[in-house]
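Please put together the full structure from these sequences, using the hints given.
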Amino acid sequence: MNLHEYQARALLKAAGIPVPEGDVATTADEAKAIAGRLGQAVVVKAQVHTGGRGKAGGVKLAKDPVEARKCAKAILGMQIKGLTVEKVLVVPATDIASESYVGVIVDRASQRPVMMVSPAGGVDIEEVAAKTPEKIFKLPVDPRFGLLPHQAMWLAFRLYDDLSQVRKAAVIMRQLYVAFLQAGASLAEINPLVTTPDGDVIALDAKLVVDDNELDRRPNIAQLRDTASEEPAEVEAREAGLSYIKLDGQVGCCVNGAGLAMATMDLVKFYGGEPANFLDIGGSSSPEKVVTALSIISRDPSVKSILFNIFGGITRCDDVANGIVTAAKQIAIACPVVIRLTGTNEDLAVEILKDAGFEALTDMDEAVQEAVKLAREAA
Amino acid sequence: MSIFIDTETKLVVQGITGRDGSFHTRQMMSYGTTVVAGVTPGKGGQRFEDAVPVFDTMVDAVTATGANASVVYVPSRFAADAIFEAADAGVSLIVCITEGVPVLEMTRVLPYLRECGVRLIGPNCPGVISPGKSKVGIIPGQICREGEIGVVSRSGTLTYEIIHQLSQHGYGQSTCVGIGGDPLIGTNFIDCLEAFEADPQTKGIVIIGEIGGTDEQQAAEFVAAHVSKPVVGFIAGQTAPPGRRMGHAGAIISGSAGTAAEKMAAFEQAGIAVMKRPAEGVDLLEERL
Chain P
1 MNLHEYQARA LLKAAGIPVP EGDVATTADE AKAIAGRLGQ AVVVKAQVHT
51 GGRGKAGGVK LAKDPVEARK CAKAILGMQI KGLTVEKVLV VPATDIASES
101 YVGVIVDRAS QRPVMMVSPA GGVDIEEVAA KTPEKIFKLP VDPRFGLLPH
151 QAMWLAFRLY DDLSQVRKAA VIMRQLYVAF LQAGASLAEI NPLVTTPDGD
201 VIALDAKLVV DDNELDRRPN IAQLRDTASE EPAEVEAREA GLSYIKLDGQ
251 VGCCVNGAGL AMATMDLVKF YGGEPANFLD IGGSSSPEKV VTALSIISRD
301 PSVKSILFNI FGGITRCDDV ANGIVTAAKQ IAIACPVVIR LTGTNEDLAV
351 EILKDAGFEA LTDMDEAVQE AVKLAREAA
Chain L
1 MSIFIDTETK LVVQGITGRD GSFHTRQMMS YGTTVVAGVT PGKGGQRFED
51 AVPVFDTMVD AVTATGANAS VVYVPSRFAA DAIFEAADAG VSLIVCITEG
101 VPVLEMTRVL PYLRECGVRL IGPNCPGVIS PGKSKVGIIP GQICREGEIG
151 VVSRSGTLTY EIIHQLSQHG YGQSTCVGIG GDPLIGTNFI DCLEAFEADP
201 QTKGIVIIGE IGGTDEQQAA EFVAAHVSKP VVGFIAGQTA PPGRRMGHAG
251 AIISGSAGTA AEKMAAFEQA GIAVMKRPAE GVDLLEERL
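Top to bottom, those sequences are chains P and L.
For the first sequence, position 201 (counting from the first letter as 1) is numbered 201 according to the numbering used here, and the numbering increases by one without interruption.
For the second sequence, position 161 (counting from the first letter as 1) is numbered 161 according to the numbering used here, and the numbering increases by one without interruption.
It is possible that part of the hints are untrue.
Here are the simulated PhoX-like pairs of lysine-lysine, each with C-alpha atoms no more than 25 Å apart in a straight line [what the hints assert, rightly or not]:
#: 1; chain 1: P; residue 1: K269; chain 2: L; residue 2: K276
#: 2; chain 1: P; residue 1: K246; chain 2: L; residue 2: K203
#: 3; chain 1: P; residue 1: K138; chain 2: P; residue 2: K207
#: 4; chain 1: P; residue 1: K70; chain 2: P; residue 2: K81
#: 5; chain 1: P; residue 1: K373; chain 2: L; residue 2: K276
Hints are computed from structural coordinates only; laboratory data are not their basis.
A quick note: this is a predicted structure, and the numbers were derived from the prediction, not measured.
Here you go:
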């Protein structure tokens, strides 16, 4: 789960990291009021789950409250990479002497949290990694001991020469590591970490990505989820225990297991169709899950045929069959449905479907070809 | 022979009285797995299915039965501790089926297991089956046949699909390992490839990967340098849009790293025959065996 900048910086602040004053606004008038309270030039920043806000015009400098109102008005409601801006963060404009990058990420290769710093901050870190990898410094952290003081100092010396700034940055890095752990994050980033002309070291931006698997034990983090910024069908699916991602094609896919779901989408494409979605109904699927899945898929106007691909293991084919039959009674499914089932309780499932007037196939390739053909005929 | 599990495997089931644990313990027992004990705190002294003794702790279970492997079915919030407990009790193989284990917990679990010299398979995996010998986990036994193909995969049901096709066409399996879809896992492709290369029963290998990360690329390098047996590969997620999580925590592609195209190219470069669709596996194996 991605957090917004204003949420992430609140968590960093709680961990002791110096962040500028400021507040979040949902209206232009609120933005004006915040700028008035701050009593100086401000920066108005769009709060959306994507990078490149600055380039898209989602970050603006305002010299007074009236201008802050104008900026907020322009930014609120604007689309950045398909996402609508619902909130802006208003912070004091900071004089910047230098910009660095500080982050911590769970690294698959070393299987540890890795602290990463770069004196080339304020820009996309992937770009720095690609163009000037020598400007990135990494240090794997032993999770049993955490980020040790001398390690943080070593990293901070990669950024600054001035000892007082080095010490400040080292403290911030250790605080960032703690915030990362407490949030159950898979990524925590300060980009940029700036020095001011007075020699202060401040986090000007903050990014936290939380491991979804941590949310059930962290209600304070889970409640930060901004469902307004997500696709409504994806939210509905998640709440039903499904994993759904909307795509642009015509063949609606309903599959058990992420790998098989991806392989099914690939096969749709292989036979000349385009998948309308990724949908994994998960293991031990109840009939209710299937009903929700089918209703989500059939609501998508671009779907011209629906393909079920179920390999029964923990998932019982009869559960899925019951779900399909129940759903067909509850909702109007306008397009043809192709069902492929094999594995646990397959025979039972075929019976259930037959009684309700559905046919079931057992071969994956055959089912995909049929679904692609039906979608093409309906288009 | 087979890899990781065989007729000598003496299994403890952690979470034997739970919904998933009890269902799959019955499945494993009917497949012929030697299940010597179960563990559920507070239920020590009971017997599962009138046959398998249940203990309160792993140490009790291992001490009383001499178990050498464990399988974890406990809910995700207890799973990391269950793995530590199994390692402390002295088993040499732990298979964690549970999904939803936080990645940060795995960063603590994995170095500890390395120090203890314990093999972990998973988490978030379907487990291991050596057809005709033993099954630890949830891979449906009826789709497998004893034979000479080693199967290693990051996915669950996609693995079943491919095993099913192999069995239907007369290609039995030495061992099938589902290594799990999470970013941090105990046993990776290379561990399995190394074991299959050394296993005399295995004559050919099928490797099933996904988008996300670079494990498949590393596996390809290993195959090129160290594997003499024919290898056939598949990558799921050719049509996946970048930057989205596709169910498995591991199946996420950001930018160019970890795309299906990249992985398929790495496979081909290493001499791995790449299936464009799962049904091609049998033909590709036939040409190479």
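Straight-line alpha-carbon gap K70 (chain P) to K81 (chain P), limit 25 Å = Distance ~22 Å between K70 (chain P) and K81 (chain P) Cα, so the pair holds.
Fill in: Given hint K276 (chain L) paired with K269 (chain P) - CA-CA distance at most 25 Å
11 Å, holds
Notebook entry, point to check: Hey, K373 (chain P) versus K276 (chain L), does the alpha-carbon distance stay inside 25 Å?
Noted result: Holds, at roughly 20 Å.
**Asked** Is the hinted pair K138 (chain P) and K207 (chain P) satisfied, with a Cα-Cα distance of at most 25 Å?
**Response** This hinted pair holds, its Cα atoms lying about 18 Å apart.
Given the hint that K246 (chain P) pairs with K203 (chain L), does the C-alpha gap stay at or below 25 Å? The given pair, whose Cα atoms are some 41 Å apart, is violated under the 25 Å limit.
In this structure, the one hint that does not hold is number 2.
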